[in-house]
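Chemist: The residues making up each chain are set out below.
Protein chains: 2
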Amino acid sequence: MSERAIGVFDSGVGGLTVLKELSRQLPEEELVYLGDTARVPYGTKSPATVTRYALEAAAFLVSLGVKALVVACNTASAVALPALAARYQMPVFGVIGPGAARALQLSRGRRIGVIGTEGTIKSEAYARALHQLDSRVHVFGVPCPLFVPLAEEGWADHPIAHMAASEYLMPLLTEKIDTLVLGCTHYPLLKNTLSQVLGPQIALVDSAEETAAAVACRLNEDSLTRHTPCSPHRFFVTDVPDRFERVGGAFWGEPLHGVKQVEIG
Amino acid sequence: MSERAIGVFDSGVGGLTVLKELSRQLPEEELVYLGDTARVPYGTKSPATVTRYALEAAAFLVSLGVKALVVACNTASAVALPALAARYQMPVFGVIGPGAARALQLSRGRRIGVIGTEGTIKSEAYARALHQLDSRVHVFGVPCPLFVPLAEEGWADHPIAHMAASEYLMPLLTEKIDTLVLGCTHYPLLKNTLSQVLGPQIALVDSAEETAAAVACRLNEDSLTRHTPCSPHRFFVTDVPDRFERVGGAFWGEPLHGVKQVEIG
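Protein sequences, first through last, are from chains A and B.
Mapping of the first sequence onto my numbering: position 202 corresponds to residue 202, and the numbering continues sequentially without gaps.
Mapping of the second sequence onto my numbering: position 9 corresponds to residue 9, and the numbering continues sequentially without gaps.
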């Protein structure tokens, strides 16, 4: 069982920031990634629709024989985790719990901002996760719909990104947050721009890093850590691969090749 | 037959700018609109996927007994029109032919710019349509992925939109275009910003206006024009209606209510 791959899915390229962290923290593990690019984005869609899509994505990965599932998408983590956990016995990880836990560790004044897609913010999943850990925390959520196309356009450090960040983060600065959770897997690409707007006093939480750490910890606990050199990672998408390969390179950190198209659902 | 409704579809809210023009130019006609919001956007997806979605959307409208189909989406018009025309006997209209014809009427120097989604620009559908009408025309296409989220965010007149427009249109100004086609149904909301960046010498072509005129003309030719007062327009979406109702109001020009969710495909 420990020699099996870890299955990771997202609606598109964003989850590759999580995959990259998994690969960095667990270099011996084989990773299988599915980007549901025929139905991207999940962030503007309803909980029922996103849950259906997530179950279909998970079923595809499970059919490949994975030992664990990582929902590398904040929107799907926000709404579909209970349905996934109910259907499968294997460990299922979302990105929200680990990000929330880390934010509480870093926050001194318990004033935490969360930025993400409309779906993630509207779900209030981070607020719920944070309040479960500490009922005294104040959570301020702001949807930032421009950040995904800015990251995919390669404009993460462009003056337009800076202006959009200033606009979106203004209410969070007014609320005097001390910690900001990047509640969308695209947003790590905007870290520099966000840091410039926020200044050095506000801590940034990258859920990708925290999720990979949680996976590493749990695999170790469950004696599921792989001990032989891993096979090459595999990448699947539900639309033709060319755009995923072209845009995804910046998220994965190196060129993407050999991405295969599959039908799910 | 003439008393039947006109079926109009798009991937989301954008096509409402076409619906609005149809309603203005053909106030007696009953309109049925489908926004495929569970699978929006089409603009980053492959021709095969978009064609499949368009056929499913059309099949839904045809099942309601419409007398004509309007593909109020540039991406779907660019790739799926032949498949739709092959399947149905009724008139099927896209937004590209009418926009291209109007651009040629307005252009004095035969240097025409086209802006749209990645899918529309990559398809080169406007370039083909323009070259079929006049082989001497020069066509310059630029994808503008930020414009859709800017329009949906209500930032069409925001300095960020102005900066993005300056960035995207710069190569077209360098090419000294005299006419610009708004090759995406979202873009009419950005007309003011685009005009400011382009100046008064460059003509703007709004495909929604031209498409509605083409529909009016053809219905008249085919004796399909309605002669009795129309029933209220009907709106359908494939995801839950709340976001469509909220964001779509700015596109339709008045509040949207009573939008129904349906399953297609």
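A portion of the hints provided could be inaccurate.
Unchecked claim - Derived DSS-like pairs (lysine-lysine); straight-line CA-CA distance at most 25 Å:
(1) 122(A) / 191(B)
(2) 260(A) / 122(B)
(3) 191(B) / 122(B)
(4) 191(A) / 67(A)
(5) 176(A) / 20(A)
(6) 191(B) / 67(B)
No lab work stands behind these hints, which were simulated from the structure alone.
Please read these numbers as outputs of a predicted model, since none were measured by experiment.
Chemist: Going back to the hint list, which numbers does this structure go against?
Modeler: Hints 1, 4, 5, 6 not satisfied by this model.
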